[in-house]
Amino acid sequence: MVRATVERDCAFRLRIAYRLPRPASLEELDEVIEGEVRLDAFSRLVPGARDLFRFMISDVSLATGSVGGAELVVSYGKLGVDASPVDQQDFEAFLEATYGAVQFHSMVD
Amino acid sequence: MTSVYNIVMWVKRSGGVKSIDRLRVKLLPRAMKEGIYFSKVTPSTSCSPEFLVALKATASAVVGKPCP
Amino acid sequence: MSTANAKAPAPVIPPSIPASLDPAHCRAAVGDEPMIFHCHHYNTFLQQSIQDAEYIDSRRFLVGAANEVAFGQLSKLFREEDITDVSERARMAETLFQWAGFGRVDLSGLTDKGGVVETPHSHYSHAWKVKMGEADAPVDFFTTGWLSGALAAIHDKPQGWYSSEQTHCIAVGAEQNRYELSATGEPDFDLYKTPGMGPLTDHKPRPIPESPVDYEGIFTALTGMEIVGDETGSIPAFGVYLTRHYANYYNRISFEFSRELERCFGEEGVSVAEPLLVEAGHVCAFNTFGGIMISPEWDALIKPQLKTQEDWVHGMVAAVNALGWGRWQVTSLSPDEAVFAIHDDYEAVGYIANYGEAAYPVSFLAKGAALGIMNLVYLGDVHEKPTFTPEFYQRLFKSNDSYEAEVLENRAGGDEVTAFRVFRR
Numbered sequence: 392m393v394r395a396t397v398e399r400d401c402a403f404r405l406r407i408a409y410r411l412p413r414p415a416s417l418e419e420l421d422e423v424i425e426g427e428v429r430l431d432a433f434s435r436l437v438p439g440a441r442d443l444f445r446f447m448i449s450d451v452s453l454a455t456g457s458v459g460g461a462e463l464v465v466s467y468g469k470l471g472v473d474a475s476p477v478d479q480q481d482f483e484a485f486l487e488a489t490y491g492a493v494q495f496h497s498m499v500d
Numbered sequence: 749m750t751s752v753y754n755i756v757m758w759v760k761r762s763g764g765v766k767s768i769d770r771l772r773v774k775l776l777p778r779a780m781k782e783g784i785y786f787s788k789v790t791p792s793t794s795c796s797p798e799f800l801v802a803l804k805a806t807a808s809a810v811v812g813k814p815c816p
Numbered sequence: 439m440s441t442a443n444a445k446a447p448a449p450v451i452p453p454s455i456p457a458s459l460d461p462a463h464c465r466a467a468v469g470d471e472p473m474i475f476h477c478h479h480y481n482t483f484l485q486q487s488i489q490d491a492e493y494i495d496s497r498r499f500l501v502g503a504a505n506e507v508a509f510g511q512l513s514k515l516f517r518e519e520d521i522t523d524v525s526e527r528a529r530m531a532e533t534l535f536q537w538a539g540f541g542r543v544d545l546s547g548l549t550d551k552g553g554v555v556e557t558p559h560s561h562y563s564h565a566w567k568v569k570m571g572e573a574d575a576p577v578d579f580f581t582t583g584w585l586s587g588a589l590a591a592i593h594d595k596p597q598g599w600y601s602s603e604q605t606h607c608i609a610v611g612a613e614q615n616r617y618e619l620s621a622t623g624e625p626d627f628d629l630y631k632t633p634g635m636g637p638l639t640d641h642k643p644r645p646i647p648e649s650p651v652d653y654e655g656i657f658t659a660l661t662g663m664e665i666v667g668d669e670t671g672s673i674p675a676f677g678v679y680l681t682r683h684y685a686n687y688y689n690r691i692s693f694e695f696s697r698e699l700e701r702c703f704g705e706e707g708v709s710v711a712e713p714l715l716v717e718a719g720h721v722c723a724f725n726t727f728g729g730i731m732i733s734p735e736w737d738a739l740i741k742p743q744l745k746t747q748e749d750w751v752h753g754m755v756a757a758v759n760a761l762g763w764g765r766w767q768v769t770s771l772s773p774d775e776a777v778f779a780i781h782d783d784y785e786a787v788g789y790i791a792n793y794g795e796a797a798y799p800v801s802f803l804a805k806g807a808a809l810g811i812m813n814l815v816y817l818g819d820v821h822e823k824p825t826f827t828p829e830f831y832q833r834l835f836k837s838n839d840s841y842e843a844e845v846l847e848n849r850a851g852g853d854e855v856t857a858f859r860v861f862r863r
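Residue numbers (my numbering), protein chains in the order written: chain A, 392 to 500; chain B, 749 to 816; chain C, 439 to 863.
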């Protein structure tokens, strides 16, 4: 099961933190990655740190997570640009198929 | 509300953290003309009717709802 | 000629931005202009605070300050990089604007006589609409001034050669922003000469309490991240929308605002300006620092080192050092009080460079930010990832338990550092 917590980012865009039942790998996530993955190798600089990855799932929706971590945070849309509802639908369909049902934990308006 | 003190207290209670500071900056020239310093307002602080009208309107604007 | 034989146009590779990092001073610069990170909350709140003083002509310095930094920076860049061709200069300017997260501008409609720039991508206009709602009049004074300074630099004209006006604004309901520039030879804003980096000192870091937080590692990691504008000139990072902005722009608009109120209303004017400028620091801390502390970036890089609430304060201070604001230290720390020492904070350095020594403390943003850190960690329990609502903001900064701050040292007044004691009421 994937636990999803809904919030708003600083521009009141929908932002959802998805807690996965196990760490996600970039290979698994390849299906939803649009364009390049930005990888920041924090583990090489700070003991105990995890490497951070960021990738777009559409033109305007950004996913962030860490290597070995089990949380993905997705911001749907950005300042001045709304995301299509399809972004969330498609991404959650992928999560369900890969990690299990997506259950919303709390809603924030 | 018909006194400077009551309106300022209403803004402090009902407004956001920055409301009273916004009130002060918006009304600074008029307040100075009336000899009113917002940091020193007491229940006995008085003002002209014109200032009271401006104060109420500005209070409503910074709080985001009508000042009673 | 058939399309099969047509030569495809060579891809246009945007120029790279020659940003320099000065780890000794925790500063970053482009074209000798110190660049600092700030989010859209601070940008809009600061501007609104200034504009609330409707009886002063703030447009003159809101536009003038942007003209100042654009002209100074681009003139220097064109010289340093030996860019003499006008179209290459324009491309560098466009790239810089986008890189910095201000939006996107296409300067191809401009000549040495002026012209029109239109864009649907403006940090200020979008941010204003989201934060403040629809505006009555155009709000993007920054881009208005920036374009005039940029065009003057591009065409080797005097700094104030181009008047500039924003005629349409997304925040007012337009589809896009529109700016009109004319080579009048007379500026319709105040002209300032940028002080550039200003007078920096040799930092003598002070002893700090024992902490597992790896300050240097965090600084290296964060300054190594690619935090630049995307294809629309937007920088979504740490859950906020950042700009790689100009220290000298913030300083100019804040200090001209404060000095104008002082000129008109004496001490009462200063006493009105200061809380607003400090409040802008609260707003910044709440949103930017709060956003950072609940972000995946924090979880990956900093959180693994943190065991106590004091570690959270150290972690946030370590992150602040990557923002270009100067070198921050917390030299004593407990839930009841803390002392923050800031070496060459950008406000103090800028004040001295522009106006000489200050008669009173001027590090308003820094004060608000220091308060914000303590309120977030000890009052706000930020480690529990609260939701950042206006109600939460009220609770942090308006409660009887909220922290207060006093100035211990004032760099702008001639002291070695700027230092605050932040304590519970």
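Hint data in this document are derived by calculation from the structure and do not stem from the laboratory.
Please note: incorrect hints may appear among the correct ones.
[To be verified] When the alpha-carbon atoms are kept at most 35 Å apart in a straight line, the in silico DSBU-like pairs for lysine-lysine are as follows:
{"#": "1", "chain 1": "C", "residue 1": "Lys595", "chain 2": "C", "residue 2": "Lys551"}
{"#": "2", "chain 1": "B", "residue 1": "Lys804", "chain 2": "C", "residue 2": "Lys569"}
{"#": "3", "chain 1": "B", "residue 1": "Lys760", "chain 2": "C", "residue 2": "Lys569"}
{"#": "4", "chain 1": "C", "residue 1": "Lys823", "chain 2": "B", "residue 2": "Lys804"}
{"#": "5", "chain 1": "C", "residue 1": "Lys823", "chain 2": "B", "residue 2": "Lys813"}
{"#": "6", "chain 1": "B", "residue 1": "Lys788", "chain 2": "C", "residue 2": "Lys569"}
{"#": "7", "chain 1": "C", "residue 1": "Lys595", "chain 2": "B", "residue 2": "Lys788"}
{"#": "8", "chain 1": "B", "residue 1": "Lys813", "chain 2": "B", "residue 2": "Lys788"}
{"#": "9", "chain 1": "C", "residue 1": "Lys836", "chain 2": "B", "residue 2": "Lys813"}
{"#": "10", "chain 1": "C", "residue 1": "Lys642", "chain 2": "C", "residue 2": "Lys551"}
{"#": "11", "chain 1": "B", "residue 1": "Lys781", "chain 2": "C", "residue 2": "Lys595"}
{"#": "12", "chain 1": "C", "residue 1": "Lys836", "chain 2": "C", "residue 2": "Lys823"}
[What the hints assert, rightly or not] So, partial list: chain A residues that the calculated Cβ filter (under 10 Å) puts toward chain C:
{"#": "13", "residue": "Val428"}
{"#": "14", "residue": "Arg429"}
{"#": "15", "residue": "Asp431"}
{"#": "16", "residue": "Met447"}
{"#": "17", "residue": "Leu453"}
{"#": "18", "residue": "Ser457"}
Even glycine gets a Cβ: it sits at the ideal position worked out from N, Cα and C.
Going down the list of hints, with the structure as the test:
1. C:Lys595 - C:Lys551: This hinted pair holds, its Cα atoms lying about 11 Å apart.
2. B:Lys804 - C:Lys569: Distance ~24 Å between Lys804 of chain B and Lys569 of chain C Cα, so the pair holds.
3. B:Lys760 - C:Lys569: Given pair Lys760 of chain B, Lys569 of chain C holds - Cα atoms ~21 Å apart, limit 35 Å.
4. C:Lys823 - B:Lys804: Violated - the C-alpha atoms of Lys804 of chain B and Lys823 of chain C are around 38 Å apart, more than 35 Å.
5. C:Lys823 - B:Lys813: holds, 31 Å
6. B:Lys788 - C:Lys569: The hint holds at about 32 Å.
7. C:Lys595 - B:Lys788: violated, 51 Å
8. B:Lys813 - B:Lys788: holds, 25 Å
9. C:Lys836 - B:Lys813: holds, 19 Å
10. C:Lys642 - C:Lys551: violated, 50 Å
11. B:Lys781 - C:Lys595: Not OK: Lys781 of chain B and Lys595 of chain C at ~45 Å, beyond 35 Å, violated.
12. C:Lys836 - C:Lys823: At roughly 20 Å apart (the allowed maximum being 35 Å), Lys823 of chain C and Lys836 of chain C satisfy the hint.
13. Val428: Violated, about 12 Å.
14. Arg429: holds, 6 Å
15. Asp431: At 5 Å from the nearest chain C Cβ, Asp431 of chain A passes the 10 Å test, so the hint holds.
16. Met447: holds, 9 Å
17. Leu453: Interface hint status for Leu453 of chain A: holds (6 Å vs cutoff 10 Å).
18. Ser457: Constraint on Ser457 of chain A satisfied, holds at 4 Å.
Comparing the model with each earlier hint shows violations of hints 4, 7, 10, 11, 13; every other hint is respected.
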